[in-house]
Amino acid sequence: MDMTPNRRLLAIADDLSGAAEVAAALHSRTTRSRVVLVRMSDAVSGGAASSGVASSLRPRHPGEATVLDLDSRYRPAAEAAEAVRDALRLSSPDGEADGEADGNDGEADGNDGDTLVLKKIDSLLRGNVAAEIAALAEDGAGVVLAPALPIAGRVVRSGVVHIGGVALHEGDAWRAEALPPPASVAQALGGLPTALIPLTTVRASPPALRAALRAAVAAGRVAICDAETDADLDAVVEASLTEGPGCGWSAQGAWPWPSAAT
Numbered sequence: 270m271d272m273t274p275n276r277r278l279l280a281i282a283d284d285l286s287g288a289a290e291v292a293a294a295l296h297s298r299t300t301r302s303r304v305v306l307v308r309m310s311d312a313v314s315g316g317a318a319s320s321g322v323a324s325s326l327r328p329r330h331p332g333e334a335t336v337l338d339l340d341s342r343y344r345p346a347a348e349a350a351e352a353v354r355d356a357l358r359l360s361s362p363d364g365e366a367d368g369e370a371d372g373n374d375g376e377a378d379g380n381d382g383d384t385l386v387l388k389k390i391d392s393l394l395r396g397n398v399a400a401e402i403a404a405l406a407e408d409g410a411g412v413v414l415a416p417a418l419p420i421a422g423r424v425v426r427s428g429v430v431h432i433g434g435v436a437l438h439e440g441d442a443w444r445a446e447a448l449p450p451p452a453s454v455a456q457a458l459g460g461l462p463t464a465l466i467p468l469t470t471v472r473a474s475p476p477a478l479r480a481a482l483r484a485a486v487a488a489g490r491v492a493i494c495d496a497e498t499d500a501d502l503d504a505v506v507e508a509s510l511t512e513g514p515g516c517g518w519s520a521q522g523a524w525p526w527p528s529a530a531t
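With our numbering applied, the sequence shown has no gaps in its numbers, which climb one by one up to 531 at the end.
Fair warning: there could be bad hints in the mix.
Beta-carbon label-pair distances, calculated as ranges [said to hold, decoys possible]:
#, residue 1, residue 2, range
1, Glu348, Ser474, 38 to 48 Å
2, Val435, Pro467, 15 to 25 Å
3, Ser286, Ala347, 19 to 29 Å
4, Arg479, Arg444, 31 to 41 Å
5, Pro345, Glu507, 31 to 41 Å
6, Arg479, Leu448, 33 to 43 Å
7, Gly409, Pro467, 19 to 29 Å
8, Trp443, Glu348, 14 to 24 Å
9, Glu439, Gly460, 18 to 28 Å
In short, the hints are calculated from the structure, not lab data.
In this text the structure is predicted, and so the values were computed from the model without any measurement.
For glycine and all other residues, C-beta sits at the position ideal for the given N, C-alpha and C.
Work out the full structure, taking the sequences as your base and the hints as a guide.
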């Protein structure tokens, strides 16, 4: 992803390892990155402490990446969704914090319209994927979802996660989970409307890929992107970024399209 000096990035992860992974991947692509461990109950409790927590959530400088660990993977779904909502609200320039204190009428320094938002999810689709993506998609925000992690042998073909060539629901990657694995990425999203962006489209011309993503978002559907290589993921990200600032980075991610700078 091209992080220009005028762009900030906010990444939201559901566990510490995911947050650290994102921060490490972004290290060479941003001017600085930091991981913030968040207890959302502290951030939304009110008062000066709440304002301080909220202020710390915002990417403070152009070119900076802030990565939030919500520790929400195994929390109840409703709590996980609310944590995402709170993170989006409190990290925005208009959130409940001291944004007006600096004389910028509630806006942080730089171009707040160029804040990119990434929701990091597990490449094996564990955790509160449906609830957290639904929270991300509220208020009409479109979402582009690319859960592949090629470096670990995890790819998405025809909307199904495969690990070492074996479909997720046919292997034992979920053996420690209480529930059976989803048969597809769409199934992992529960009742959310989805549109598959097949590999042929991902590898088509950039205008064709942009058109497919645009059509999915216009229809109010989560765009689920096939990907088998880092080049496939790069194509999805570039197509998303071309359409606007609210899109994010890399594998195992879900990013709002194109105006979810929150």
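Against the structure, the hints come out as follows:
1. Glu348 / Ser474: 38 to 48 Å: 43 Å, holds
2. Val435 / Pro467: 15 to 25 Å: 20 Å, holds
3. Ser286 / Ala347: 19 to 29 Å: With a Cβ separation near 24 Å, Ser286 and Ala347 satisfy 19 to 29 Å, so the hint holds.
4. Arg479 / Arg444: 31 to 41 Å: With a Cβ separation near 39 Å, Arg479 and Arg444 satisfy 31 to 41 Å, so the hint holds.
5. Pro345 / Glu507: 31 to 41 Å: Since the Cβ atoms of Pro345 and Glu507 sit about 36 Å apart, the hinted range of 31 to 41 Å holds.
6. Arg479 / Leu448: 33 to 43 Å: For Leu448 against Arg479, whose Cβ atoms are near 36 Å apart, the range 33 to 43 Å holds.
7. Gly409 / Pro467: 19 to 29 Å: 25 Å, holds
8. Trp443 / Glu348: 14 to 24 Å: 22 Å, holds
9. Glu439 / Gly460: 18 to 28 Å: 24 Å, holds
In this structure, every one of the numbered hints holds.
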